[in-house]
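Chains as they are written, first to last, in the UniProt record's numbering: chain A, 1 to 242; chain B, 1 to 242; chain C, 1 to 242; chain D, 1 to 242; chain E, 1 to 242; chain F, 1 to 242.
Treat the hints loosely; a few may be bogus.
One copy or two, either will do: identical chains are not told apart, so a pair holds if it fits within one copy or between any two.
Below, simulated DSBU-like cross-link-like pairs (lysine-lysine); rule was C-alpha separation at most 35 Å, straight line [to be verified]: (1) K159 <-> K78; (2) K78 <-> K16; (3) K16 <-> K55; (4) K159 <-> K75; (5) K55 <-> K159; (6) K55 <-> K75.
Bear in mind the hints are in silico, worked out from the structure with no lab data behind them.
Number of protein chains: 6
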Amino acid sequence: MPRHDGRAANELRSLKLTRGYASAAAGSVLVEWGQTTVLCTASLSNETPPWLAGKGRGWVTAEYNMLPGSTSPRKARKPDGRSTEIQRLIGRSLRAGVDLAALGERTLTVDCDVLRADGGTRTASITGGWVALRDAIATIRNEDGQLLFPEGDVVGPGKPLIGSVAAVSVGLVRDEAALDLDYPEDSTAQVDMNVVATGTGDLIEVQGGGEGTTFSRAQLNAMLDLAIEGIAQITDLQNGAA
Amino acid sequence: MPRHDGRAANELRSLKLTRGYASAAAGSVLVEWGQTTVLCTASLSNETPPWLAGKGRGWVTAEYNMLPGSTSPRKARKPDGRSTEIQRLIGRSLRAGVDLAALGERTLTVDCDVLRADGGTRTASITGGWVALRDAIATIRNEDGQLLFPEGDVVGPGKPLIGSVAAVSVGLVRDEAALDLDYPEDSTAQVDMNVVATGTGDLIEVQGGGEGTTFSRAQLNAMLDLAIEGIAQITDLQNGAA
Amino acid sequence: MPRHDGRAANELRSLKLTRGYASAAAGSVLVEWGQTTVLCTASLSNETPPWLAGKGRGWVTAEYNMLPGSTSPRKARKPDGRSTEIQRLIGRSLRAGVDLAALGERTLTVDCDVLRADGGTRTASITGGWVALRDAIATIRNEDGQLLFPEGDVVGPGKPLIGSVAAVSVGLVRDEAALDLDYPEDSTAQVDMNVVATGTGDLIEVQGGGEGTTFSRAQLNAMLDLAIEGIAQITDLQNGAA
Amino acid sequence: MPRHDGRAANELRSLKLTRGYASAAAGSVLVEWGQTTVLCTASLSNETPPWLAGKGRGWVTAEYNMLPGSTSPRKARKPDGRSTEIQRLIGRSLRAGVDLAALGERTLTVDCDVLRADGGTRTASITGGWVALRDAIATIRNEDGQLLFPEGDVVGPGKPLIGSVAAVSVGLVRDEAALDLDYPEDSTAQVDMNVVATGTGDLIEVQGGGEGTTFSRAQLNAMLDLAIEGIAQITDLQNGAA
Amino acid sequence: MPRHDGRAANELRSLKLTRGYASAAAGSVLVEWGQTTVLCTASLSNETPPWLAGKGRGWVTAEYNMLPGSTSPRKARKPDGRSTEIQRLIGRSLRAGVDLAALGERTLTVDCDVLRADGGTRTASITGGWVALRDAIATIRNEDGQLLFPEGDVVGPGKPLIGSVAAVSVGLVRDEAALDLDYPEDSTAQVDMNVVATGTGDLIEVQGGGEGTTFSRAQLNAMLDLAIEGIAQITDLQNGAA
Amino acid sequence: MPRHDGRAANELRSLKLTRGYASAAAGSVLVEWGQTTVLCTASLSNETPPWLAGKGRGWVTAEYNMLPGSTSPRKARKPDGRSTEIQRLIGRSLRAGVDLAALGERTLTVDCDVLRADGGTRTASITGGWVALRDAIATIRNEDGQLLFPEGDVVGPGKPLIGSVAAVSVGLVRDEAALDLDYPEDSTAQVDMNVVATGTGDLIEVQGGGEGTTFSRAQLNAMLDLAIEGIAQITDLQNGAA
């Protein structure tokens, strides 16, 4: 199956994560994934939502937004069901990697703003958002001004992060499973699926649906195989991001 | 694994579909599924959304809403990300069973209003919504006032409905897969998954996620097995609904 | 004057009140009044609106909503001046039957959702809403978990309910006064009037207006006579509701 | 019954109508009624609402608004159920005096903005709004620029106005009926009622309700007697307004 | 340069300030400036915005609104970028004349509602708003009910008002600078500029822009000369307002 | 006067304009101005706003938005008076450089999204927005697909662009005029002023105001001198942008 850009079925597009791009936020990552660009920032607040007040736990939430000029024709700035659905997925996925009790009574808000959209914006948001989250947690200080979780000591038992979280899309294109669809593939795919998993390959979320078609268990399995393989590579890039 | 209400792992709650409950709408079904009650109505309009104008195709869209008194404490009437996410799933799922070209330039709006919520409201909405849709299509008349797709002749090649669509929830409760979670199970499940499929067992949409935990491929497969089995029974109930 | 459905001028449509229909709410009543169906739920909260804080009194408020499929063509879900006007009438009418000091610092919210609309939805809402309110009050418990106002001991001096509240519509159809208009009558009536009164026949609210016509004092009196007579019968049904 | 300002039970507050106050609008009237001041403007448009397009009839609609500084404490500028209810009453009342077919395919929007609020703002709006409407109709020109309904020739058979429309409040204060309540009376009245009628004494709308109390048929009749008497005087002021 | 209404280039339109027009508000001024009429009210509250809580300082804010009938065609009641921009200018300008610490923890809200619009509504709002503000401050009482800043003792060191604030428009009409544009001039001016200054001639805000044209430093200076001269006259009127 | 970052009073921060950053939009420029980063995109549509329909002219409009993570604490995504005011300034400023008749019936929407905010975001938006606009115009094609205004032939008589537009801030810091304030200077400046001008030094818009202080004509002139000098340098950078 030749893909329109020459990639193999199990081949990711180029992926680059630039940390610290938006220096006002506690954590920030510019994700350049093929022609898709997403700016993920993680802002830290010492307050929690009202319904968590006094429970000794923190919260992680996400917002997703496409900038008007990220696509053509221009996307109007207005509330949008698709964005709502996507930001709920991002938030759930990131929370799966966080120990909210170890985080303490703090809120981390991960904003994912799409600068250029060429497919895979939600998986780029989760992948980059996790790195921004990790960097934001490394800036938390106690009342004496000392870092509570210095960089490199953020993940693990008793730490705010349980493990890494990454995501990738897979799909069924001309009856064959393919990894990491770009926009031309995505818009013609028979099935579009997003898989979120940990760095150790455990599943966090699976979302897939036919676009006017149905799919079989065997096709589902072929797509999941590709996704798990891709997420392993993405995890390496997250860990090595400059 | 004894379930709190005595059901077997692969056992559905009682499910009753009452057609024609809200007689002003072209199609309407009251879904009573365990303690969950959803009123699904399908309204027919001879207009299409602006972006489909003149393309010779129709549209199916859905809205989902929980009545304030359907749950305790009372749910305020206000826009809500969860409802947005659910109604997008309902709309996509129902469209997967519709031949929009055979429908012609018409819009069917399926409203799913939850009267009592005890888990599984989104799968009840899809399951009942499909029956309401089928009944609404049977009321379409041509310019001479004759029925275009008389009841019993709505599904099949060249007809507006490709096949039936049904949905069920599955989950991982105390490490075991279980079918059709009610609210007490759903709120303590490790994984919650919704599966939408055709009456012939082809997959339309799979959505599952861990609630603060992760899951394995084997667990995913066990849940899918239960779901496919349950949907076959639900399809029979859809076909036999009075 | 033969009415289109054969009723006498002073004859109500059939009216059935089913209590406990939506079991999550503290009180709930399904009102089936001719072809009109309204679900009334009363939800109880131990908070009051901010402007009542610390005043030792409670509050009763109402919301009214027509489900999209309750009428044809479909009614869009959006704020609507008519609904605002109606829910204010429902709230004022129900409060007229409540001793807010005896209720204590609690809020009762009565939601009236119209499942099928065939005229008289606002009077059905008041009539059913009062029964839901009565049942909700019977669930109030003190800090020790004991019922403060057990069922059957809710109405009277020092109790939260002063007396019963019911409502009915009357109108002028082809120059004659008629009781309890259905939609075909309502949409052609010269005058449309809603009367709210207590079970002892005292007036709570009178609202009537010509639809492009005017009316005389004599006609107003004829309509009021019918309304008072009808409300007496409705009160009996409220008291005997299963 | 001595009233707090020395008026007799059947005595109106001073009422002054100043025409042409806001010269940009087709019709405008400043209503100074006791300490209540309302600016009514009637704007004319050659379009109708979409649902009336091509039906050869016009429309009259009203908007009601209290300026923030019209009352103390300041009233925030935001949508408000009370205003919605009042503007619907104003619109219905004014339409009762208009022959929409004779008006032709035009819309008249009557804006009632309260500059000072001291009770009776809705009846001031209807009373002044009708005069503004009359003046706006006198500015309608045909395609050749000639006046279609010159001032003084606006009311009567085949003309846009059927007759005059005026309104007044009445109430039950310390068990006695009183005409034209100001704010101190209104806020302590047992019953508050608004009556809209034509200049010939026919009823257009009657709206009355107890404020935590009920009322009898005899009390209703006493209030209606006062209202009819007051409206006759108000009609004279409308006809003579400078 | 003959102006269309015969004024000299440096001549103001007639300007009348009527204090106490809306008696419920702490301060109120009706501004009649040529054919432009603006009602300015200043409401006093003993609360501050949340972000100022406990800082020992007060706040002054402004809202600007055109009534629908103030212009033709009618202006719809809806949020509007122009109004937002204008009310921010009014608020900033008035705050420049206030010592917020001397004001204490209070909020003054200045509402500027345009009854008739004929150019210069924002400068009328600032000019009248300052007088309303001054009158509202003169009503502030301490806990014993005594006036803190009696009328005539409101301005000066340690008092809430630093000095007076007034505004006027200038523009470039047919290549010549002109003072106080009315609507016909404003809508054809090459440049439109608003100048806010103190009674002693110090600049508070300068806002000017070409309408499809540009302007030179020399033209800017000519306009500023006229504005400063006009503001001196307006200041005298503010001080002498009845 | 030593500035906190060592610049001279008339010295700009480093300014870099990167064209083509967001390739889906017709024109796009990443503006990096000191620590401020703004992404400007210009989207092209062949429709005009309804009020321009059929008039043979085009329109240019702008939207301004700060991303939540562009500042600390995080800025919530919600409508905001400051943004409204700024985007109106951007739109007016850019239109001053456009011949709307030569543009034809097209709309150019310039979106300015702030990725990092360190002062001067509105002047960066105007400066970068003009370059994005210029690039977008160079992509306009006629019905045969040929470029109407090829790159390099966009500005001049009969072309859509009259000339270049650029902007810079100036202010009064510790009583001295300074060019191009960053956030630390801006937040402590006595006066903050934005100047928009053409590449030939003609003024388009001047907006300046004291922050709790006033300023003199001489100070105004000193600031304008610096601004004009700075805009000349910025114009050179616009013309040479890669």
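Hint check results:
1. Taking identical chains as interchangeable, the C-alpha atoms of K159 and K78 lie at most 35 Å apart only when they sit on different chains, with a minimum of 33 Å there against 38 Å within one chain.
2. Taking the shortest Cα distances, K78 and K16 sit within 35 Å of each other both inside one copy (29 Å) and across copies (31 Å).
3. In this assembly of identical chains, K16 and K55 lie within 35 Å of each other by CA distance neither inside one copy nor across copies; the values are 38 Å within and 41 Å between.
4. In the homo-oligomer, the alpha carbons of K159 and K75 lie at most 35 Å apart only across protomers (28 Å), although the nearest pairing inside one protomer, at 40 Å, exceeds that limit.
5. In this assembly of identical chains, K55 and K159 lie within 35 Å of each other by CA distance solely inside one copy; the values are 18 Å within and 38 Å between copies.
6. In this assembly of identical chains, the alpha carbons of K55 and K75 lie at most 35 Å apart only when taken from different copies (23 Å versus 40 Å within one copy).
The structure does not agree with numbered hint 3 stated previously, though it agrees with all others.
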